[in-house]
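Q: Listed below, chain by chain, are the residues.
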Amino acid sequence: MNPSVSLGIVGAGIFAVLIFATLASRRTVVDPQEFIVGGRSFGALFLWILLAGEIYTSFTFLGAAGWAYGRGAPAFYILCYGTIAFTLSYFLLPPIWAIAKERGLLTEADFFAERYGSRRLGILVACVGFAFLVPYVTLQLSGLEILLRIAGYSTLNSTTTVGVAFALMTGFVYLNGLRGTAWASVVKDLAVVLAVLFAGIALPIRFFGSPAGVVDRVLAVRPHWLTLANDLSAQGTLWFVSTVLLTALGFYMWPQSFAAIFAARDGNVLRQNAIFLPFYQLMLLLVYFAGFTALLVVPGLKGPAADQSFLLVVQRYYPSWVLGLVAFAGCLAALVPASGQILGAASLFAKNVLGDGFGVATNDAARLRATRLLIVVVAALALAWWLAARTSLVGLLLIGYSGVTQFFPGVVMALARTRPSARAVGAGIVAGIIVVAIAGWRATPTLFGLNVGLFALLVNATVAFATNAIRRSRGSAQLATP
Amino acid sequence: MMRYALAAVPVAMLTLAIPFANRVEPRVFGLPFLLAWIVLWILLTPAFLGAVSRLDRSR
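Here the protein sequences line up with chains F and B, keeping their order. Residue numbering for the first sequence follows the numbering used here, starting at 1 and increasing by one per position. Residue numbering for the second sequence follows the numbering used here, starting at 483 and increasing by one per position.
This is chain B alone, in the form it adopts within the complex (with noise of 0.2 Å):
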């Protein structure tokens, strides 16, 4: 369960969660908030996926 449960943190994120991110301000680097948003969550996947195989080999 703990291993659906973080993949699934990302991916709601990039889909449930974009309406409440979809405005320009505050700019990130120059990029609008919506786009930084979705950069960060992308940036931030492969950590949550490489917990969830951290998870997989203890088992």
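Chain F with its partners taken away, still in its complex shape (with noise of 0.2 Å):
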């Protein structure tokens, strides 16, 4: 047990990643186009591995793994709703592309803005997905905590080394926008991927011979336990399928997921990626694996401390520099979704609100230093509400899904050939978003066993679609009386 080993190995590594990419992502022309969605280059490799970046976070790494070890089989949603994400992506994606690249546009909230003529729904989109965006880089920072804990066996001051993390990642995206993050996330999905075959693959070996063996030993202990309640429990059958659906839905909603769309080169590399991206959805299996060794040899661990039981194993049973390169690739899948959301908010906030909304800073040069600024406004959000409220990984991240999901029923009917009036959009997102909001607020995540963001969603439809009628029955009865 040597913690100056394990957090040298964490440390170094962060470091290098750093030069990596910053070196990797040298231009000589930095304008907004490049600086927030790459310069619409990406082709199918390196979108994939931006995409699976942003996708695959702390969250994936510990939370999966916690659930896995806290909870059983309701953990297996994960495994679901991104393979049904990418197969709606496959033809949800290629025309939102074919839009922004002829308009130009560089965040979700132009994309509204553009479709339903409306600036002011623009400004509106921002600020929700600004709202649920830095409670998400907030989740982030709370893996952070776990790991360098973890890392330095108790003895660090986890605040200044949180902190200190932090600070280095808001400097590089700082310096290198998208194309930084993606190639960042090149050395992120390596690392990753090992530290996940190691977790999933060797811990059971050691402790039960094989992956197999940890399930019959869970099933021994607890029979129910790989299974879902067949009823309408919190967490039975019915909450399982209707999470599955809003999550899928809510997948690519994310602001930043939406402009990662933007970075492809055409069509084409959208649609191979929604074809392969389910085989990365198997490396979760390996979690789960990790998840119940845990359970089985580091037993007792409660409710958010769950996120760190497999951790706690290599810690427990490992040499010191396994478990710094175990830590270092979880510091990487905090921080790299980190950046990508942080640049996220940061460009929605300085195009949309800034500059549609108080005719701030609208052109290039002047939209490239808000949206820097921004990145450093948004960072130190995110640090202070982590500094104030340190929240477990996973009920965060459903809110927040809840929360942007509502985007869902705008997307699709922008890329209808009749539309709804923005007024009816925003009235929907409002209307969805309020529902989320009462929810969160009695932390009731379901209602009749189903989970209450879906009932937003259809408050959301509803309210959009009503509103919709009303002014168009209003519109014509105008007509008929001059």
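What the hints contain is simulated information worked out from the structure, not anything from laboratory work.
Residues of chain B placed beyond 10 Å of chain F at every Cβ, according to the derived structure:
(1) M483
(2) P508
(3) R541
Stretches of chain F that chain B covers, calculated by requiring three or more beta carbons in the stretch to come under 8 Å of a beta carbon on chain B:
(4) 219 to 230
(5) 240 to 250
Just so you know, even glycine gets a beta-carbon here, dropped at the ideal spot from N, CA and C.
Reassemble the complex: the two chains are provided individually, in unrelated frames, and hints are given to aid placement.
A: In structure tokens form, the structure reads like this:
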């Protein structure tokens, strides 16, 4: 047990990745197109890595194992929803990309403003997206804190370490924008794959002979752990199906993922990605094995502490350098997505709120400056939130998903031939967010066994439809009585 | 229509069919049946999307 070995590996590793990504993304011309959407030049492989980098976060790394440890079969929802999101994306993303390319769009809010002919709607979308992104960045900080605490064998002041790691990352996004994030993603993906192979295969073999051996033991100790409750309970089959649907619809609605679509070189790149991304999901299977192993080896962790489960196994039974490498991969899994999220939130606010709303920073140079300034602001907000309220990994994420999923009806209808009015779409989003907020406030994640986000979506679509119908009938009444 | 129907198959299998696949036995390669079912359909999704893409290109 030597904290300076494990922490040294983490620190040197992160520093090396930052240098590598900075050198790799050096370009002579930096304008908002390049900084925010990578000059719309990413081919299939590079985009795949960027998307995987933004999607597989410290939540995937720690949270999925934590759920396998703390809840069992409900954790399998994480395996399902990505696959469904990729299927949807095959049909939805290419037309979105084409519109963005034709009109030079930079953000998700731009897409709304452009398709519904309303800057105000763009501002609303920007504010909602911003509001849900900041806690998502905070989530990555919670992950970082766990990783650094365990890697340091609890010898470090975690607030300081998290602060330092985060300042490094902020400076990195500030300098390199989206291309830098994508290059950092290359290293991150490699590190995470190796760490997951280790955790999901080497851990079960060491303690139980094989990954299947772990399953046998879990079933012997807890016969119902690997199936869902067949009823309307908080995490029964109905919850499972509705949560898979909700999170699948919300998947690409996160502003940073939506903007990542724009970085594609052409529509076919997006189709190829949709076809091959499901394979990446299978990594989660190994994460579950790691969680199950931890359940048997270090039982008794309660609530949010379950997120630490398999790291504790590594800490307790393996040398410091192994722990250092695993924690390094985990830290990248927090920092790389966080940089994408920070960039997403900053560009939304700079372009749509400051630029379109207040007429500030409308030329390229000023917009780039404003985006960079906001990168610092967003990072500071997330850090402040984390210091004030240290939350567990999963609860926050599901609320965030319920929130951004409210964009889904507007995005789909934007692709239709006859589009509803901007007011109708805006009213729907506001109504949906209100339902999400009430549910979040009263801590009721399910209603009649269904994920409450799905109700919010229903309210959203109904309000949008009704507002549009009323407006149309009024319009025709006015025409009739001149 | 054919394209959407093809793509809908794995989606339905990973959502609507879940309550029916919700069991431990029979085990597949050591995995409980529910988990094996999910893994199977994740592996098959690229095949279905690949077929959709082939239809797209032949149009």
